[in-house]
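Enquirer: Chain residues, written in single-letter form:
Number of protein chains: 2
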Amino acid sequence: MATPTKNILLDDQLCFALYTASKRFNHFYADALAPFKLTYPQYITLLALWENSPMTVRELGSHVNLDSGTLTPLLKRMQTQGWVERKRDEDDERQVNISLSQKAIDAKNDIFAHVNSCMDLLGMDDKTYAETRNTVNFASDRIKNADPKKIKYTGNEV
Amino acid sequence: MATPTKNILLDDQLCFALYTASKRFNHFYADALAPFKLTYPQYITLLALWENSPMTVRELGSHVNLDSGTLTPLLKRMQTQGWVERKRDEDDERQVNISLSQKAIDAKNDIFAHVNSCMDLLGMDDKTYAETRNTVNFASDRIKNADPKKIKYTGNEV
DNA sequence: TTCTAGTATATTGTACGCAATTAATTAGGC
DNA sequence: GCCTAATTAATTGCGTACAATATACTAGAA
Numbered sequence: 001m002a003t004p005t006k007n008i009l010l011d012d013q014l015c016f017a018l019y020t021a022s023k024r025f026n027h028f029y030a031d032a033l034a035p036f037k038l039t040y041p042q043y044i045t046l047l048a049l050w051e052n053s054p055m056t057v058r059e060l061g062s063h064v065n066l067d068s069g070t071l072t073p074l075l076k077r078m079q080t081q082g083w084v085e086r087k088r089d090e091d092d093e094r095q096v097n098i099s100l101s102q103k104a105i106d107a108k109n110d111i112f113a114h115v116n117s118c119m120d121l122l123g124m125d126d127k128t129y130a131e132t133r134n135t136v137n138f139a140s141d142r143i144k145n146a147d148p149k150k151i152k153y154t155g156n157e158v
Numbered sequence: 001m002a003t004p005t006k007n008i009l010l011d012d013q014l015c016f017a018l019y020t021a022s023k024r025f026n027h028f029y030a031d032a033l034a035p036f037k038l039t040y041p042q043y044i045t046l047l048a049l050w051e052n053s054p055m056t057v058r059e060l061g062s063h064v065n066l067d068s069g070t071l072t073p074l075l076k077r078m079q080t081q082g083w084v085e086r087k088r089d090e091d092d093e094r095q096v097n098i099s100l101s102q103k104a105i106d107a108k109n110d111i112f113a114h115v116n117s118c119m120d121l122l123g124m125d126d127k128t129y130a131e132t133r134n135t136v137n138f139a140s141d142r143i144k145n146a147d148p149k150k151i152k153y154t155g156n157e158v
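Chains as they are written, first to last, in full-length UniProt numbering: chain A, 1 to 158; chain B, 1 to 158.
Hints listed in this document are in silico derivations from the structure and should not be mistaken for laboratory results. Please note that the accuracy of each hint is not assured.
Treat identical chains as interchangeable: a pair holds within one or across any two.
In silico DSBU-like links for lysine-lysine, alpha-carbon gap of 30 Å or less [claimed, not checked]:
no. : residue 1 : residue 2
1   : Lys23     : Lys37
2   : Lys149    : Lys23
3   : Lys76     : Lys23
4   : Lys37     : Lys152
5   : Lys152    : Lys108
6   : Lys76     : Lys108
7   : Lys108    : Lys127
8   : Lys127    : Lys23
9   : Lys127    : Lys144
10  : Lys87     : Lys37
11  : Lys6      : Lys150
12  : Lys76     : Lys87
13  : Lys37     : Lys103
14  : Lys108    : Lys37
15  : Lys152    : Lys6
16  : Lys23     : Lys144
17  : Lys76     : Lys103
18  : Lys6      : Lys23
19  : Lys6      : Lys149
20  : Lys6      : Lys37
21  : Lys23     : Lys108
Working from the sequences, and respecting the hints, build out all of it.
Expert: Next up, the structure:
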């Protein structure tokens, strides 16, 4: 008799817990950022730029973990809304420099204050919040370093 | 002088940790499920159906946390690939019953075996895995129950 | 200098994810 | 039985995500 295969239940899966939590946070931020007409990926793009502006699309992408296929249209929308400016580099015309607009610089404090108020609703103290984040990041590193392409599929063809 | 606003750094954010981990898991499963030509949302749909089939679109959506706007086209693709069958209910024609195809029933064991092999790459023992999942689910519940719409924005207009 | 390999961004195509709307159907009150 | 409210999917529109490809440009080798 063959070795019995370990069962997989949806609600036991770490991936599903992360997938669900991430979507819920997205929804949370959709409401929290509504006064500013920002989406969550747009917000983290601003977070990265508030820490360091200007950046090239590539540098920005390495911070938020998004490639040009996502960032190019996203940044164009943000440019239309007046959050960022896009300027092709004069020395190296392959690069596009993304910088904060005055509107984004001015709004930073109001956005931080409002988002912080919303975050208070979570009812997580700083220690719990940090521990949760560290736990997630620990798992995240493990996932990042695992490469399922190494596992050859030996079952029946589908 | 106004109260200084607490700073928000991208890499300190729990939301960003979850967002990143979720995307990495998506990539992980894209590779793990490649032999079966399944995407991650299609996989969790199968997981739900393996536990309970048939289900209406609504029931299925309540398990995987997706609405008809996502599920209808996803299920049509899965029907085309031969994973599921879609049949409008005879008693209540508003409902569509989704059931596993024979192919999906037959492939279950091979998929579980291969996914389990890939999961071993994470190098997380059962206890660590469960604790991590529980931590994520704890935060997930907090996020679910927080409603930022309750917080009135009092800053400057954007 | 000219060729070539490499780099940076943009584009294309496919698949989600979800709010809002529509269409079809059912069920409850009278 | 008839009207209305509620329910269930499907559709539409917009915004991600990302692999694969295309395009433009740079820099180094011969």
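Enquirer: Which of the listed hints are not met by the structure?
Expert: none
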